[in-house]
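Number of protein chains: 2
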Amino acid sequence: MKNHYQNLVHSTIPVSKSIGWRIEALSATTIRASTQLKPNINIHQTAFAGSLYAAAMASAWTLLKCCGDALEYKAELVAAEGNIQYLKPVPNDFLISGEINTQSEQYLKLLERVSLNQSCAFKQSVEIHCDSQLCAILTVQFVFKV
Amino acid sequence: MKNHYQNLVHSTIPVSKSIGWRIEALSATTIRASTQLKPNINIHQTAFAGSLYAAAMASAWTLLKCCGDALEYKAELVAAEGNIQYLKPVPNDFLISGEINTQSEQYLKLLERVSLNQSCAFKQSVEIHCDSQLCAILTVQFVFKV
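Same order as they appear, the protein sequences are chains A and B.
Sequential numbering from 67 applies to the first sequence in the working numbering.
Sequential numbering from 67 applies to the second sequence in the working numbering.
Okay, chain A solo, but in the shape it has when bound (with noise of 0.2 Å):
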């Protein structure tokens, strides 16, 4: 699953490959990914706010595109706006990591929307670690438009 989501999202999303961006693992409801900094630096050596931000969002989405295809939810899934928290300088190679919560609400409401084929509205977050420390924190409203 993870080299089919790694090969996927490298192709179609040429700038995930050049920022250094790679699935650690992956399942329908968990993504762990890494990115280099070395491609990301920015003029203080750490990375670059924009890039944190497109590495977290390529790992959101990637989970979410994952979750919707165990689901076989014919839907295209596209982020509606994203909101990014910067706590700390990310100095070094840096994590991404997120977990879909099957247990709240809004996936209910997705299972329900999948089994009418309906479009539905998903928001997730995913986390950004670096040396063990909690570095960012990405929120992004996706939709799955049928």
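Hint data in this document are derived by calculation from the structure and do not stem from the laboratory.
These figures come from a predicted structure and were not determined experimentally.
Certain hints may be false.
As the list makes no split between identical chains, a pair holds if one copy fits it or if it spans any two.
Below, in silico cross-link-like pairs of lysine-lysine (DSSO-like), each with a Cα-Cα straight-line distance of 27 Å or less [unchecked claim]:
(1) K104 - K175
(2) K211 - K154
(3) K154 - K189
(4) K68 - K104
(5) K83 - K104
(6) K83 - K175
(7) K211 - K189
(8) K68 - K211
(9) K211 - K104
(10) K154 - K140
(11) K154 - K83
(12) K175 - K140
Using the hints, position chain B against chain A.
Just chain B now, kept in the frame of chain A:
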């Protein structure tokens, strides 16, 4: 001025170059930048949400950096939070524009903090246009750190 900041950003934030971002016009209070679609394409043949954010962040950072330099503000410029609203898909090369409101309360506060050589927060928005349509708005909470 444009060439100085173009070189500064491309050399210190290399991802700005790899996504095909460049400055078209720059002053201490306005920026206009362009970005190529091709390196930023996504699975829908439009611009990847993460690339739109990165290009807009590079633009907003450059605008504020140029403003701070013009005021001789001896401060590092970092992002604390970013919020982007995606209004329409971006199917072609796109433009980013932003303007600092020098009549705003936060700008007057900025001038005061510069004169006192103290840190200062500053919120700035930039817009992404493609094919003459407003496609996304990024708002960044920056901090000038002394």
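Do the hints match the structure? See the list:
Proximity of K104 and K175 under a CA criterion of 27 Å is satisfied in neither setting, with 41 Å inside one chain copy and 36 Å between copies. Taking the shortest Cα distances, K211 and K154 sit within 27 Å of each other only across copies (14 Å), while inside one copy they are farther apart (35 Å). For the identical chains of this complex, K154 and K189 are neighbours both inside a copy (23 Å) and across copies (19 Å), given an alpha-carbon limit of 27 Å. For the identical chains of this complex, K68 and K104 are neighbours both inside a copy (23 Å) and across copies (26 Å), given an alpha-carbon limit of 27 Å.
Within a single copy, K83 and K104 get their C-alpha atoms as close as 13 Å, and across copies as close as 14 Å, so both meet the 27 Å cut-off. For the identical chains of this complex, K83 and K175 are neighbours neither inside a copy (33 Å) nor across copies (42 Å), given an alpha-carbon limit of 27 Å. Taking the shortest Cα distances, K211 and K189 sit within 27 Å of each other inside one copy (14 Å), while across copies they are farther apart (32 Å). Within a single copy, K68 and K211 get their C-alpha atoms as close as 24 Å, which meets the 27 Å cut-off; across copies the closest is 41 Å, which misses it.
Taking CA atoms no more than 27 Å apart as the test, K211 paired with K104 passes between copies only; the shortest distance there is 24 Å, against 36 Å inside one copy. Proximity of K154 to K140 under the C-alpha cut-off of 27 Å is restricted to the inter-copy arrangement: shortest distance 21 Å between copies versus 38 Å within a copy. With identical chains, the CA atoms of K154 and K83 are at most 27 Å apart both within one copy (24 Å) and between copies (25 Å). Taking identical chains as interchangeable, the C-alpha atoms of K175 and K140 lie at most 27 Å apart only when both belong to the same chain, with a minimum of 16 Å there against 51 Å between chains.
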